[in-house]
Amino acid sequence: MSVITMEKLTVIAPLEDADAIVRRLMRLRAVSLRKGAEIDGGSADTSLSLPKSSVSEAAERVSRIDAAIPVLTRRSKRKKSLFGSQTTVSFEAFRTDGRFDTAWKVVDETNKILAKKEELKRCLEEALSKMRSYEPYLNLDFPLDFEGTETVKYTVGALPGGTRRERVEAALSGLAAGFDVLHTDGAGVYITLIVHRAEEEETLRALAGLGFIKAPLPSEHKSVKRLFDETEREYQRIEEELEKLEARLTVLSDKLGEVEILSDLERTTLLVEESKQKLSASARCVILHGWCPVSAKKKVIGELSGFCVAYDFEAPGEGDDVPILLKNNGFSKNFEWVLGMYAYPKYGTFDPTLVMSLFYFLIFGLMFADVGYGLVLSAVCFAAVRWLHPREGMKRFLLMFGYCGISCILFGVLFGSYFGNFPLAFMENVLGKTAEELPRLSILPAEAANVAVLFDPIQNPMAFLLISLGVGALHLVMGMAVKAFILCREGKPLDALFDIVTYWVLFAGLLMLFISRTVGIWLTVGGVLSIVFTQGRRKKGIAMKIAGGFLGLYDLINYASDLLSYSRILALGLAAGVIGQVVNILATMKGASFIGILLMLVVFTVGHLLNLVINVLGTFVHTSRLQYIEFFNKFYEEGGTPFRPMAPADRYTAELAPSEEKSKKNKKTDPVMGDNEQLQIKFD
Amino acid sequence: MNFFDMVFTGQNLALLGAVLAVMLAGIGSAKGVSMVGEAASGLLTEDPSKFGKVLILQALPGTQGIYGLITAFLIVFKIGLLGEPAALTVSQGVYFLMAALPIAIVGYFSAIKQAKVAASGVNLIAKRPDEVGKAITASALVETYAIFAVLISLLLVLFAKV
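From first to last, the protein sequence lines stand for chains A and B.
Quick note: the first sequence, position 252, residue 252 per the working numbering, numbers continuous.
Quick note: the second sequence, position 56, residue 1056 per the working numbering, numbers continuous.
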């Protein structure tokens, strides 16, 4: 539960080692780079840097791979992974055992096929439109280059759709011309026209008035039918070729795994090149400025000592924007991302993750107390972590909900909720027994018959409200205690006494009023007086001091409204419980018959799944809110930027560290501190 | 028995409460979810990969409708519509009607107001995808008042003497 101390790292290295050093540090995931402009208030000379050409080359390679991957993924028979599983590989082995070349061949061939497919599709369109234009003239027997005899002109063409025969006859009356209708459809009336050459022009003029156009057919010594067949064959040939290409892509997609490794490998190269751009460079050497957590200092020195370099570690100075890395135990670190969604603490301040995680666990379970839902939630989350090998951020996301599911189970036992009131509904409607026959588990004497170890919140909401507010009070007092701790650590114990303890005395007094009146009254009066006397201590002048003192009492209203906010624990708990009840009533409606059991299975599954999803979302949002608004408000100093070390690309793979390669352990590269993947949850 | 007495029975007044709770809160949620949905589609045309993030924001104003539904169900259970109907006096009926009003009215307005915050949260995500937590929190703050309303509605219904 702490914010890890950072140090500034400066390395001066020969130019030719820059690449190797960046790669080594990247693999450690323990150093984040600072740009020249961020160093020494921007006075560092940023004009000295490495050429940009290698960046664009690497980017070009990555973009070629990126174009191929979705194409192959769509055709791959491999199942899609839900949580972004990673495979573990050794890049070194990948480069040397031929898979590297294979993968590049696959990428290049895929891209070629893609280009070819585009071209073929264009040809296909062309053939199709040709065939459409031939279609109306299929009945034409003459070869297309036939233009008539010496005296007679022979023409083929089309009139607009809907042109009536009589109108054409009327237009041609008196002319030495005849026509025959080949084909009629919505778009046109297709005709052959025979006209005496002497009257050709006149006839065409007359027909032009009706909208006659000559057929757009090539003048070849072939019949239309033959042309059409030829084009159709061409069309089929293109289609076959496309199918072949498609089949080839499917074959290539078997190599998707290799291409994904290649993608990460080349992307890592791109990241290395981009990182190198952040180095200051001269003709002979480079200077690397970065941040390094002290916990990883030894490893960094270990890597650097293999090179001929000068390096220096230095404590951060005033005004430095030190990146934040949190360190927590195995349970609490899964809640860091909830903290990250709010804001990271300032450097050197208190890391509330541990306290928050405990209350998160408590409040989540209380809000969504149900054994059934908790079991499902935990089982799904833990199973996904166990078998799907999600990446670090997603793993923590899942683990957090898995733990919260355990909390739901515990509170579900206390408040007797098993998929809502399913045991009761099942007893009454399916087994036909009365509620009296349910086991009476309650340890409280006056409870009605139910399976709750304490009581059923729906039957006894006021008691549950008291528990909710009690947990809320504990949460708020804890927040104040953290503030007191921070004040004491900063050497201001008196502030802690006046700003925190005085209120506690008052709270205790108010509470005691319900138990022992005299003690309560004295404590309350004592608390009020101490607040009035101390809260104005920073004000100047006696009048302001008194006013400040009474204003301090006004804070009581804030505490009260904070406390009442915890009544949402009851409201959301009731919401989940009542929806569960409704589902159970619908599910057990038809009793013990065959249809009834069938109905029960369907309604039970769908209904409870829906309720689970809705309430996990609601509980997550409102538990987080109670932390952010009610709890953090008491002490939190936010505003740090998370530490994002240089790291190799790991979209598909986790690279084996060289040491692990040798020991042949099939384990994922363990990050240096376990905390370095800064908690970017991905909802997608 | 005149028409007025036949329509405004205790049973029917209680039913009116249930119906109003589910209707008003439901309309509010429907409006709210659609408002955020429109904003979300705008973002998704640019970047479909943000679907998961905006989906949560879109779902947030949907809860009021669920609160209305729960209140309605509880009233329906309580007045025994699914089994043997209890005989309610007019004043008991009015009690249930009153009990339903907090979630009916607060649910309607808070869903729409919450949707406005969520829709602007979609814009926030468009520019800063990492800040999804803040967008959700800002929107959830509005929901607090719907939660208080449903809390009172539920408590009133649960404590009703029938």
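To be clear, the hints were calculated from the coordinates, so they are not data collected in a lab.
A hint or two may mislead.
Here are some of the chain B residues that sit facing chain A, going by a computed Cβ distance under 8 Å [to be verified]:
1) 1023
2) 1056
3) 1059
4) 1089
5) 1090
6) 1094
7) 1124
8) 1126
9) 1136
10) 1144
The C-beta atom is built at its ideal place from N, Cα and C for all residues, glycine as well.
Taking the hints in turn, this is what the structure says about them:
1. 1023: violated, 18 Å
2. 1056: holds, 7 Å
3. 1059: Holds, because the Cβ-Cβ distance from residue 1059 of chain B to chain A comes to roughly 6 Å (cut-off 8 Å).
4. 1089: violated, 24 Å
5. 1090: Where the cut-off is 8 Å and the nearest Cβ of chain A is about 26 Å from residue 1090 of chain B, the hint is violated.
6. 1094: This hint is violated: residue 1094 of chain B lies away from chain A, its Cβ roughly 22 Å from the closest one there, beyond 8 Å.
7. 1124: violated, 13 Å
8. 1126: violated, 15 Å
9. 1136: holds, 6 Å
10. 1144: holds, 7 Å
Consistency note: the structure conflicts with the earlier hints numbered 1, 4, 5, 6, 7 and 8.
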